[in-house]
Every structure is written in C-alpha cells, then in structure tokens.
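As a plain string of letters, each chain reads:
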Amino acid sequence: MSRNGPLALAFNALFVTFMLAPLAVVVAVSLTPTGYLEFPPSGLSLRWFRAILDNPDFIAAFWTSLYLGIASATLATLVAVPAGLAIGRYRFAGRGALVGLFMSPLTVPSIVLGISFLRFLTTIGLSGTFVGLVACHAIIVMPYVLRLVLAAVVGLDRDAEKAAVSLGASSFTAFRRVTLPMILPGVAGGWVLAFITSFDEVTVTVFIVNPSTLTLPVRLFAHITQTTDPLVASISTMIILFTVLLLFLLERFYGLERLLVGGGGRE
Amino acid sequence: MAETNPRAAYLLSAPALALFLALIVAPLVMTFLLSFYVFGFYTGIEPAFDLKNYADVLSDGYFHEIFARTFLIALAVTAIAAVLGTPEAYILYRMRSAWRSLILLAILGPLLISVVVRTLGWAILIGNKGVINETLMGLGLIASPIRLLYTSTGIVIALVHVLVPFMVIAVWAALHKQNPDTERAAASLGAGQATIFFRIVLPQAMPGILSGSLIVFSLAASAFATPAILGGRRTKVVATTVYDEFLNTLNWPLGAAIAMLLLVAVLVVLLSYNRFVERRYAQVFG
Amino acid sequence: MAFLELDGLVKRFGDVAAVDGLSLKVAQGEFVSLLGPSGCGKTTTLQMIAGFAEPSAGTILIHGRDVASVPASKRGIGIVFQSYALFPHMTVTQNVGFGLEMRKVPRPERERRVAEALELVHLGGLGQRYPRALSGGQQQRVALARALVIRPDLLLLDEPLSNLDAKLREEMQIELRNIQQSAGVTTILVTHDQTEAMALSDRIAVMHGGRIVQVASPFEAYEFPATDFVSSFLGKTNLIPATASAGADGATVVAFGGSRIETSAAPAATGPVLLSIRPEKVRFAPPGTGYVCGKVRTGVFLGNQWLYQVASPFGDLLVVHQNTGRPEARAGDEVELAWDAEQMRLLPPERTHG
Numbered sequence: 001m002s003r004n005g006p007l008a009l010a011f012n013a014l015f016v017t018f019m020l021a022p023l024a025v026v027v028a029v030s031l032t033p034t035g036y037l038e039f040p041p042s043g044l045s046l047r048w049f050r051a052i053l054d055n056p057d058f059i060a061a062f063w064t065s066l067y068l069g070i071a072s073a074t075l076a077t078l079v080a081v082p083a084g085l086a087i088g089r090y091r092f093a094g095r096g097a098l099v100g101l102f103m104s105p106l107t108v109p110s111i112v113l114g115i116s117f118l119r120f121l122t123t124i125g126l127s128g129t130f131v132g133l134v135a136c137h138a139i140i141v142m143p144y145v146l147r148l149v150l151a152a153v154v155g156l157d158r159d160a161e162k163a164a165v166s167l168g169a170s171s172f173t174a175f176r177r178v179t180l181p182m183i184l185p186g187v188a189g190g191w192v193l194a195f196i197t198s199f200d201e202v203t204v205t206v207f208i209v210n211p212s213t214l215t216l217p218v219r220l221f222a223h224i225t226q227t228t229d230p231l232v233a234s235i236s237t238m239i240i241l242f243t244v245l246l247l248f249l250l251e252r253f254y255g256l257e258r259l260l261v262g263g264g265g266r267e
Numbered sequence: 001m002a003e004t005n006p007r008a009a010y011l012l013s014a015p016a017l018a019l020f021l022a023l024i025v026a027p028l029v030m031t032f033l034l035s036f037y038v039f040g041f042y043t044g045i046e047p048a049f050d051l052k053n054y055a056d057v058l059s060d061g062y063f064h065e066i067f068a069r070t071f072l073i074a075l076a077v078t079a080i081a082a083v084l085g086t087p088e089a090y091i092l093y094r095m096r097s098a099w100r101s102l103i104l105l106a107i108l109g110p111l112l113i114s115v116v117v118r119t120l121g122w123a124i125l126i127g128n129k130g131v132i133n134e135t136l137m138g139l140g141l142i143a144s145p146i147r148l149l150y151t152s153t154g155i156v157i158a159l160v161h162v163l164v165p166f167m168v169i170a171v172w173a174a175l176h177k178q179n180p181d182t183e184r185a186a187a188s189l190g191a192g193q194a195t196i197f198f199r200i201v202l203p204q205a206m207p208g209i210l211s212g213s214l215i216v217f218s219l220a221a222s223a224f225a226t227p228a229i230l231g232g233r234r235t236k237v238v239a240t241t242v243y244d245e246f247l248n249t250l251n252w253p254l255g256a257a258i259a260m261l262l263l264v265a266v267l268v269v270l271l272s273y274n275r276f277v278e279r280r281y282a283q284v285f286g
Numbered sequence: 001m002a003f004l005e006l007d008g009l010v011k012r013f014g015d016v017a018a019v020d021g022l023s024l025k026v027a028q029g030e031f032v033s034l035l036g037p038s039g040c041g042k043t044t045t046l047q048m049i050a051g052f053a054e055p056s057a058g059t060i061l062i063h064g065r066d067v068a069s070v071p072a073s074k075r076g077i078g079i080v081f082q083s084y085a086l087f088p089h090m091t092v093t094q095n096v097g098f099g100l101e102m103r104k105v106p107r108p109e110r111e112r113r114v115a116e117a118l119e120l121v122h123l124g125g126l127g128q129r130y131p132r133a134l135s136g137g138q139q140q141r142v143a144l145a146r147a148l149v150i151r152p153d154l155l156l157l158d159e160p161l162s163n164l165d166a167k168l169r170e171e172m173q174i175e176l177r178n179i180q181q182s183a184g185v186t187t188i189l190v191t192h193d194q195t196e197a198m199a200l201s202d203r204i205a206v207m208h209g210g211r212i213v214q215v216a217s218p219f220e221a222y223e224f225p226a227t228d229f230v231s232s233f234l235g236k237t238n239l240i241p242a243t244a245s246a247g248a249d250g251a252t253v254v255a256f257g258g259s260r261i262e263t264s265a266a267p268a269a270t271g272p273v274l275l276s277i278r279p280e281k282v283r284f285a286p287p288g289t290g291y292v293c294g295k296v297r298t299g300v301f302l303g304n305q306w307l308y309q310v311a312s313p314f315g316d317l318l319v320v321h322q323n324t325g326r327p328e329a330r331a332g333d334e335v336e337l338a339w340d341a342e343q344m345r346l347l348p349p350e351r352t353h354g
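As they're listed, the protein sequences go chains R, G and L. Residues 1 to 267 (the numbering used here) make up the first sequence, in order. Residues 1 to 286 (the numbering used here) make up the second sequence, in order. Residues 1 to 354 (the numbering used here) make up the third sequence, in order.
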C-alpha cells in the first residue's frame, strides 16, 4: 500500500513528541541546579542525583521494590506455567471460567483490588508485611505471565514431546528436556513483564504498605503530593533509566513488538 | 489437538486456583460485605447489613458530582484517545519496518514506566509556569496562563498520554486482520486516499477501536495516581474519594460501597459491549 | 493501434530485476494470459499496469495514452485479486456499487447497473448478503461483477481461480470466458496454470525470468514452442539431443542414436538441436520400424488416458494414449517408439531452465 504522505508523517512526529514529552521534561528538570522544579533548567547539575545518596529512605524503597518484583514475578510464574499448560492443552469443564478468573485482575479496577487486599490482609493480620505484598503483587501480575505462557504453549509442537516419550523418556523428563526449553522464551518474557509491572505498581500498593515496606513508586508518590523539590525528578530519571535497561533485556529475550502487540508483525 | 484428561488439568491449575480463591475472590467478597457495615466516628466499623452507605452515595449531590466528573473524564479521554490513536495506528501500519520498530518503542515504551513518573512530567508541563503555558504565551496565543493544574482538563490530558498506547495496540491488531488488497481494490475503483481511509480502512478497524475504547474507558474511570497528583484536593474522582475514605476518614464501609459501585459500573460497560457490539460485528467479521 | 502496449518494462528491487525488458501489444477485446512459474515477474507486471508499482524503466500505453503519471485510482482498470479483496463490512450490492459511487453515478442508474452486473455473473438475489456468508465461488463472482460494472477499459485478473477447488475451477473457467466475451473487455490474466491459460486465452504470453519468451495462440504455443522452456511448461514433452543437417529439397535431416529422420517441419536448422516430441504424438511401433528402443517402466491409468514411462538410451520418455478400453503395453514390455516426422519440433539446444 502507499507510503505515508507528509501530513501523516507530521502527525506521527507530533504524536511521538506528545508521548515522549513528559519523560523528557522529567529528565531535563532533574538536571536543575536550583532547589525547585524549573523547566527548562537554568544550568546542568548532578546535584539532585547526589542528593539521592543522602536519602536512604529512597534507596531502601528501591531495594524493597526490587525484591518485591523478583519475588512476586517468580511466584506468579511458578503458578502460571502449570496453569498455562493445563489451559492450553486440555479441554475440561470450567476452562473458560478459569481463564476469566485468572485474567480478572485486569478488569477489576485497581482501586477496588487495593481496598480489598487491605481489608483481607488486615483481617488475617498480614497488613503491611512483605509477605502480604508479595502475595498481592503476584495476583496482579499473574495475567501478564499467563498470557505469554499461554501463547507459547498453544503454539507448541506437541509431537516433539510425544517423540521424546516414544524414545523412552518419562513424562516429566520429556517436559523438562523438550517442552520447557521450547516455552522458555515465553516464560522468560512473561517474568520480565511481570517484574516491570510489579515494580511500577502504585494504586494497589499504596493501600497495603506500611512505613517499613514502602516501595519506590509509593514513596515517590507521597513525596510528589507533599513537596516540590527536584529530588522527585532525579529519582524518576533513575526509574526511567532502570526501565530502559529492562526494556533491552526484554527485547533480547522475546522482542518488544511481539510482547506488547502479540505477534502482529507484518514482515 | 486438545486432550481430555481433566484430572491432570485440574492438578496443574490447582496452585493458581488456590492463590486466586484466597487472594482475589475472598477479598472481593469481604469488601462486598464490608460495604453493608456501618461506621461510627467513635464506634468504628461494625458488622451489619445496612444499605445506608449505598443510600448515602446515591442520594448525595456531592457523590453525584464526583461520579459525573469521573464519567466525563473517562468519556473525554476515550474520545480523544480514539481520535488520536486510530490515525497513528494506521500510520504505523503503513510504515516501513525499520522506522516502525523505533516508533512503536517510543509509543509503547512509556507503558513500562511507572505512572507516577509520567504524571510528574505532566505536572511540570501544565503548571502555571509550566512549558505549555509558557509556550502558548510566548506564541502570543494567550494573554495569561490557562489553569490546567488541579483541574479536570489537566487530568484528561495526562490520562490520554497514559492510556492512548492501549488504543494504538487494539487498532493496530485490528488493522492486521484486514486484507491489504481491499485498499488496492478500492483505489482501482477510483477511491482517493481519504476515501480509502474513511470508507474501507476505518470500518474494518472498528472492532479494534471499540475494544480499545473499552479498555481505555475502564482504566480512565478507575484511575488513581494521575488524578491524585493532578487533581489535588479540589478535583476528586471516584478512586481518590475511595482513598480518602479508607486512609483519611477511615470510613471503610462507605469507601467499600463507592468502590463496589465503580466495579458495577465498569462491569456494566463491559457487558453492554459484549452484548450489543460484538454481536453486530460477528455477522460482518465472524 | 494496440489497445494496451507495454514497451521495455523493467522493475528492479535492489539489484534484482523482477521484470527485465518486457514488451507486449494487446488488441481491443483480446484475452491474453501472462503464464509462467512463480517468480517469473507476471504479478509484478500486473501491478505496474494497474498502477500499484512504478516501473523502473519502460512505458505503458492504454488507448495510446501514457499512464505513467496517472494514479491507480484514475486508470479506469477493473481488477480481480487472488484473494478477491471484497469489502467485508459492505453487502454484495454495496461492494459491486462502490466503483460507481466513486464515479458519482446517480442512485437509480447505479442500482440498475449493479443488478445487471449481478445477473451477468449469475448472482442475482444475493445482493443483501455479506461476503462472509458467501462461498468461495460466489465471492469470486462478486469480485468479477465489481470490476466489470464500471465498464473498465481493461480487466486484470490476478490468479482469480487459484483458491477454488478443481471442479469449481473448471466450471468457472468456462463462465469467465463467456462473461468476458459478452462484456467485450480487453483482459489480462495472470496464472501459473497452463491448462487455464490455454482454455481462456486468445493468446498466451509465456514468461520466464522477467521476460516474455513467446507470445502466441494456445495452439501455436503448444504445437510450435519457441524454446525447451515453453515446450516443457505448456504440457509435457520429450526432449532428445540430436544433430540436424541439410537434406534434399530443403528438408532437414535429424540424426540421433542410430536413427535418421527427414522432415520439412520448420524451422530448418543445422548443427545441434533439441528434438521435442509430445507424448500424445508418440506411438508404439511394430518391431524394426521404431526410432527408439526401450522398456516400459510403468503404466499409469488416468481414467481417460494411459501414461507410459519408457526407459530408453535417451532417458525416460513419456507416451500418452487415449484410453481405448485396453492398455497397449504393460510394465516390463520391450517396445519401439515412432512418430510422425512432421510432428517433431526442433528447438535451440541450450537448456534454458532446470
């Protein structure tokens, strides 16, 4: 089909500018030498990046988010892989309902999930604990892992596993040596996406943390609503850089386009 | 090529099922019940079965205003996202591979950065001394700064930014399902570029636009962090109101009732979509 | 003056020339097929005529007018795509009427012409259906009606029957020819199916490597192929390397193995040639009178024909005979093959393919 004309390309340029503007602004503001949020910055200074080091609270929050992300992504993956295998391979009563249930964290508003988790955790005495956080985040990120695992399982060549079994492998060995390697890219991609989602999460998390388990986005959120110093900008820039790093990882494992759009490539 | 071995299937899904029953079904049920409890300033939360909270919300003008504002914001965000996201998806669709990957990264990448960071960027952009106002004043288009911070308009702009990638994804997926020859066929029959877009491409992309609108609407109506940062104390939406009740006023039952109403509203929108829209398009698209 | 004239068309993609110097003249009302294997450039040529691809060099003249600067939407060409490309969100009537809408034909006339077109392709009464509710054959006819209703100067068909099953394809071939003749529109068909090309066309342009190798009526192309490629692509043939020399009275003497055959079949040639003889023209000869000795490897029964594979000093030769009720030879038989000298063709000795 025909190429994009100049009008289309101009629109595209504006659109991309719109998408990147807030991020560019944050990075620019983080380099300000002054004590307030000014754009454009009057000079270039790493003062606010050094200030991060004087804020152990934020550094602690980063580690909390990191561990939380790893733990919840791992937990979600551990339950999502067998569930994905079950749903992708077998026909059984309740399959549709099960899929609906596992995807429900995407349709239930985060705010509703947040208060429900708060209510639940308080009732069983785990409110504000790290364990509680991990469990709740695992629920939230599960649909992302499941979606990718399902895609991998459904696209699998079953005959390869059958060939292994016919050659003498036990069911489990066939799974471990044949199936698992084949779905690994999907599983890995799902893990990384789950990690990123957990790391970024704020709406639900804001309800179920306590001062000792504050995550980075929540602490940042609190800081933004209460103060106006550029520390929030430098911290945000660090988050942006960290995410970009993860994006590269994701691209290596799986491919970004495939991940977010689902194999709609028109090659 | 599916097997029928229910036992193995149930066994494999058991861990996930257990996790979900404990951590989503139970909490939601508890919240549902909580919405019927009563709250007293000195007595705290007391179990009961009282419709008082719902009555309060449904009758009080204060809550009407909040729900209306939330609904209008969601509607505006959805409309703008559709108008901006659809042409962009089409432009991407026609783009050559090398550029396309790069642009997709620019559009979808922000999804992976925390909404707090993105909203901070907008807070800086739309303040009275923010970039937008400075630029508009510099160009002579306005005389004094437009008030964007702490208004619904500011929230709408930022939410469009946060949610339009979902629209692009949905429309993009729909565009890939269409037969590219239909555009050439229309050209050979005498249609110009604009006609092709409006008469051939757009109707075929419509299922994508609608499912994208659904996602954007639900997410916009339930949005929390963006309205919290950009709405301030004066411009409240449903999500921030729930937050207030839960963590400030501590009136959990009322907060639960408001949250339940939001959940019901979102589910109603979802079900109406399935019922009316999908059925009509199944006839055409299968 | 030819209605459609292609002159020295070239289309390059990077270093590769998909079309490499193609020239063709098509008369008004003629049905010409571009026939060739995949990759020969036939679809690319069609795309250039239609205006979807820009030629790297060469000209396209429709009715004497150079269409290089004319966009696809203004060339007045009707196209039937391989995938039919029906608009799924429009009914059959809306699909067929689309071209008329673009030409701002007023409603009453539009409805009349759409009804006429649907009658022409035997789909009257299905106007309100959506493409999804139609069979493959019906969809194909809607695509045809849509292309014809605008009364195009030129009709382009891009492998339109390839998605239909064999039986339907045969029926549609006959119908397609009838419709084209009653509409009287100049038509170019792109196909890799030689039976289809022969059944439908006034002339066939056999393509190979981005060029036209031979343009002729189906009979001529089949009986008098210009190269070994044409003779192998159109039907089957037996190729035997031989030497030709001049004989008495302008005849040519062809020698191979221990045989010498005298023929006056053109072209006269000397030196090495490829002798081409079609399987249906080979007969089993009485012992001592044949040109080639061999042993039957297999006999394949095809219903209306027998196909024999005969091992010979010149490789496996094919013999095809009508089914007269009894097989003429069985596997293992020693046979001798002969043929009418005038039915042989002499081709240039270089193998141009395979």
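Hints listed in this document are in silico derivations from the structure and should not be mistaken for laboratory results. Treat the hints with care, since some could be wrong.
What the hints assert, rightly or not - A short, non-exhaustive set of chain G residues, derived as facing chain R with CB atoms under 10 Å:
hint, residue
1, L19
2, I24
3, G61
4, E65
5, A68
6, L72
7, Y90
8, L92
9, I107
10, I113
11, V160
12, V168
13, I215
14, F224
15, L247
16, N248
The C-beta atom is built at its ideal place from N, Cα and C for all residues, glycine as well.
Outcome of the hint check:
For G/L19, the interface hint holds, since its Cβ comes within 10 Å of a Cβ in chain R; the closest pair sits about 6 Å apart. The closest approach between the C-beta of G/I24 and any C-beta of chain R is roughly 6 Å, which is under the 10 Å cut-off, so the hint is satisfied. This hint is violated: G/G61 has a C-beta 22 Å from the nearest C-beta of chain R, more than the 10 Å allowed. For the restraint placing G/E65 at the interface with chain R, the shortest Cβ-Cβ distance is roughly 18 Å, beyond the 10 Å limit, so the hint is violated.
Violation of the interface hint for G/A68 is found here, the shortest Cβ-Cβ separation to chain R being roughly 17 Å, above the 10 Å cut-off. With a least beta-carbon distance of about 17 Å to chain R, the hint placing G/L72 at the interface is violated under the 10 Å criterion. Interface restraint check for G/Y90: the shortest CB-CB distance to chain R comes to about 8 Å, inside 10 Å, so the restraint holds. This hint holds: G/L92 has a C-beta 8 Å from the nearest C-beta of chain R, less than the 10 Å allowed.
Interface restraint check: G/I107 against chain R, minimum CB-CB distance 5 Å, threshold 10 Å, status holds. Hint on G/I113 holds. Least Cβ distance to chain R is approximately 5 Å, under the 10 Å limit. A least Cβ separation of about 8 Å between G/V160 and chain R falls short of the 10 Å threshold, and the interface hint therefore holds. Interface hint at G/V168: satisfied, since its Cβ lies 9 Å from the closest Cβ of chain R, which is below the 10 Å cut-off.
Proximity of G/I215 to chain R holds as hinted, the smallest CB-CB distance being about 9 Å (cut-off 10 Å). The restraint placing G/F224 at the interface with chain R holds, with a minimum CB-CB distance near 4 Å, inside the 10 Å limit. Hint status for G/L247: holds, given a least beta-carbon distance of 7 Å to chain R, under 10 Å. Given hint, G/N248 at the interface with chain R, is violated; its Cβ is 12 Å from that chain's nearest Cβ, farther than 10 Å.
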